[in-house]
Amino acid sequence: MFRTALSNVLAHKARLLMTTLAVMLGVAFVSGTLVFTDTFGNAYKNKTAKSFDHVSVAIRPDGDSSSQGDGSRKPSHLTDNLLKRAATLPGAEYAIGVVNGFTALADKDGKLVGGEWGATGSNYYPGKGGKDPRYAFTEGAAPKSAADIALDSRTAERTGFKVGDTVRYSTDGHVRTARVSGIFDTGDGSVVAGGSLVVLDNQTALKVLNKSEYDEIDVKAAAGTSESKLKSFVEKILPKRTDAVTGDQLSDDQERMIERQTGAMSHVLLTFAGIALFVGIFIIANTFTMLVGQRTKELALMRAVGASRCQVTCSVLTEAFLVGLVAAVAGFGLGLCISASLEILMDSDDASLPKGPIVIAPTTILVTLLMGVGVTMLAAWLPGRRAAKIPPVAAMNSVHATPATRGLLVRNTIGSLFVALGVVLLLMDDIYTMAAGAGTICVGVIVLTPLLSRPFIAASAPLLKPFGVTGKLSRLNSVRNPRRTASTAAALMIGLTLITAMTVIATSMSSAINKMAADSLKADYSVSMPNSKLAPEIREKIDKLPDVEVSSPLRSATAEADGSHSKINGVEPKSFGKLVSLDFTSGSVNGLKMGTALVDTDTAKEESLKTGDTLPLKFDADGKTIRLKVAGVYKGNALFNGIFASTSVIDPHLSKLLDDQVLVKTKGGASDRAEKAIVDALGSPAITVQDKDDISNAVAGAISLILNMLYGLLAMAILIAVLGVINTLAMSVFERKHEIGMLLAIGLDRAKVKQMVRLEAVVISLFGAVLGIGLGLFMGWATGGSIAEKIKTYSTEIPVGRIVIFLATAVVVGVIAAVWPARSAARLNPLTAIKSE
Amino acid sequence: MTTNPYAARATTAAARATDLSKVYGQGETQVVALDHVSVDFGRGDFTAIMGPSGSGKSTLMHCVAGLDSFSSGSVRIGETELSTLKDSELTRLRRDKIGFIFQAFNLLPTLTALENITLPMDIAGREPDKQWLERVIEMVGLSGRLSHRPTELSGGQQQRVAVARALASQPEIIFGDEPTGNLDSRSGAEVLGFLRDSVRELGQTVVMVTHDPGAAAYANRVLFLADGRVVDEIHRPTADSVLDRMKHFDAKGRTS
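These protein sequence lines map, in sequence, to chains A and B.
The opening position of the first sequence corresponds to residue 1 in full-length UniProt numbering, with each subsequent residue numbered one higher.
The opening position of the second sequence corresponds to residue 1 in full-length UniProt numbering, with each subsequent residue numbered one higher.
It should be emphasised that the hints constitute simulated quantities derived from the structure, not laboratory data.
There's no promise every hint is true.
For the chain B half of the interface with chain A, some residues (derived, Cβ under 7 Å), not all of them [what the hints assert, rightly or not]:
#1 62
#2 85
#3 88
#4 102
#5 121
#6 122
No experiment lies behind these values; they were computed from the predicted model shown.
Virtual Cβ for every residue (Gly too), placed ideally from N, Cα, C.
Excised from the complex, chain A in its bound form:
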């Protein structure tokens, strides 16, 4: 049996080519993802491992450590005092205090160095021997005063700054200058990942990063003292709201975090690889169905001479196994090449990802091989069973046996049930049932595709009319094998459904956000510092500008209202109404003054508040409680939500005053001149001054970036679907050799034969595209409902331009897919085609 299978595979090499390619691409995607994430994770781990060398035990604030010492939470007493006590603990070699915070460094052109996400500033804590073990200086010396700054070597290399150069940096909007005193190497995680790190002397760092205490105190054990022993000593001096964590645990935590991050990345990539493989199933099933169909007589003969049904199925599955194995091995190799070239690409692109040797985990090899072989065999299973059902008498049939066309009734019933169930699930108001519903509808439509193919292709008749007889023949040919046409189109449909749904949601979101910004913002500009906050002096500076009419800070504090934590926004009550237009259900913005608050409808509902009620707030930072009268209830949106109160109400409860952003209204409205005046007055590399368009563009830009990434990831599924179209056409041409030969004999010229094949390809791919786009629009509309709850201005928009592009692409895909099959059809010799019986 194995030998028969092997010789069959070898005999049909050409016809298995597309199948093998499809499996190979899917497998390559999987193995490339696994190898790349393993390699990346490993390199990242190696690079950051040494960053915990100086820590045996770390003292950190417990619980939520995200809002470190910015004044809105209770102090943890990580003070110099504690530091001194820690350093003198028995078994402690030294202790250092650590503060970190967003610090923007301006390059020689005044632009921010690196990304906003990785611009970090830290302190230089001269511990034992006056050295900070975190930094290894390669040039110059550590910063000693407010006039000094040190840069990490990668940043220095990137910007070209040398020891002695004067640089500008900013943490809260104030622009400060300092002289580069030294350049150092570090194992700091964010630097390894491509961020920038500047180091200031200890006092300066605390001051400019607006810290009243350290973020963390690291204690190093002396030789002979174990981490756990030191930890037990440290625990005795721990103040309230702090934890002691060993260095091992820190590095374990970091390792786990890296694993989680690379894991998340690999999950996303694997999802798309899975979609690509799923699309491949259709092609495999098509090919094996055809191979079985062509060998009906041969298989019947095997049955006639005594092969059991099982043996027939097994022989088909063995063929699938061989094809899957070849494809999986080739795919694994291709995946390795892809991940290796990705590494090189990222390396050359200054993206500064950590480098390391390629990691091929044994599970990767196993998973890829199992995937490739498993998917192929799974897809070949149904054709294999069908092969077993061929009666032995078929061998005696002299007529070219065509497999009996089985009724589609069962199939259509199942498909309809799936669609109905999916619609019900989709309309339920839960994200998971919604996703399940979307998937179920997809499966249902895939099952129903043969049924849908007839009316669709009949409807395409007017489009094909101008092509005369070739148009008619290609239309009729494409419905000849509805199952095959259907699964070819379904492969294309899957990718396009996802692409269309995502496009619908993305365009609707973008325009909703646009609308929201336009609706709720009366201010011309929002001034902010990404990843950081602004010193209150920035607003004062802005207020003094001649162009500025009014401005208000947005300052935040957290407080407990009836046991639940809420964000309180502090604003300037006099100007707030001129800067923001909120949709009030009761009360108005004019009621906002000392002692009153505005709440959004969500909060009002939660706390069962209405205008005139009293809202008690217990501030997290100092534990004090105040009572505010509700002056109005408004509909919250993504830009403005929660509780609004006067800054003078919340300021006394904050240990540091910092603004999230400053809203500005200029006298003449938004203009280039006004914007330039603000930017110039502030002159900081990291402060952003955004007008309404910028605000919505920033969001829209992020959305379109994600959308483009998804397009890229789905391109593989589309590519495999194109292979499917090629495969189907090649099969059709092969099966219709006689007909094409006859057509050539009675005078259809070769160009027309090509056109016939090409039109068939276009009809099939348009069918897939229209199904996919239709389904995608429906999914986009249905799932958009859950977004509409969060963004009030959301309404489903149909991206007409994009849809036209998708349809045009489908036509191009059809034409391209038809190139090779059309050529081989046109090259047929009419004589041999007719005679080859």
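Starting from the structure of chain A, add chain B where the hints point.
Just chain B, lined up with the frame of chain A:
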């Protein structure tokens, strides 16, 4: 009754092969399929080409019908010389001037009987001549089955559709490649009857390759080929006279 083929050259030939040779391969492995054959197919004539397997009878027909290339000599359909035509011109010639009937019917299963009949005109983008079409359809007796698809027709009916297709476009000449090879004797007789009628009543020119003496008897001329040469010819044949002549060849030994 051996006739010198050169003596019978009529000026009104629908197709004419002169000194036609077809050679496969080179040197040792050279196979001569047609060896300097000269033959005329007169207008309004029904010619059967017979001969043992490998005698070159099919090759001759394919070359004259513009389906196959030849090594030397000349083939004319009407006034058109085939040897100088490009592939696309040959295709157009087949479309406009030649009708085909194949052994395996070769109908398009997606089209109805009527659509199959008018297919050559559809390809050419011509409107079929209504009256002529009706006459042809009536002659082959398909009037009631025009909307049926080939799978709903018997073999005989399918071949009648093929005959109608060949006749419908009023070609200069119709070539049949064993047109009754896949039919039972009754259906075969019907199809041959139509071909003969088309010659007698419509003045059609038909050339048919066959190995069946009974089929050949429907023709008014039979050509015998052996080893790539025309070796004999009978006018107004009967099944017996054809069989008789074939026995004569058999006696000489079928070596090919």
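Please verify that hint: residue 102 of chain B, Cβ, nearest Cβ of chain A, below 7 Å or not. Hint on residue 102 of chain B: holds, closest Cβ of chain A at ~6 Å, below 7 Å.
Take the shortest C-beta to C-beta distance between residue 122 of chain B and chain A; is it under 7 Å? Holds: closest Cβ of chain A sits about 4 Å from residue 122 of chain B, inside 7 Å.
Less than 7 Å between beta-carbons is the criterion; does residue 62 of chain B satisfy it with respect to chain A? holds (6 Å)
Taking the closest Cβ pair, is residue 88 of chain B under 7 Å from chain A? holds (5 Å)
Does the closest beta carbon of chain A sit nearer than 7 Å to the beta carbon of residue 121 of chain B? violated (9 Å)
Double-check residue 85 of chain B for me: the hint is only fine if its C-beta lies closer than 7 Å to a C-beta in chain A. violated (12 Å)
Checked against the numbered hints above, the structure breaks hints 2, 5 and satisfies the rest.
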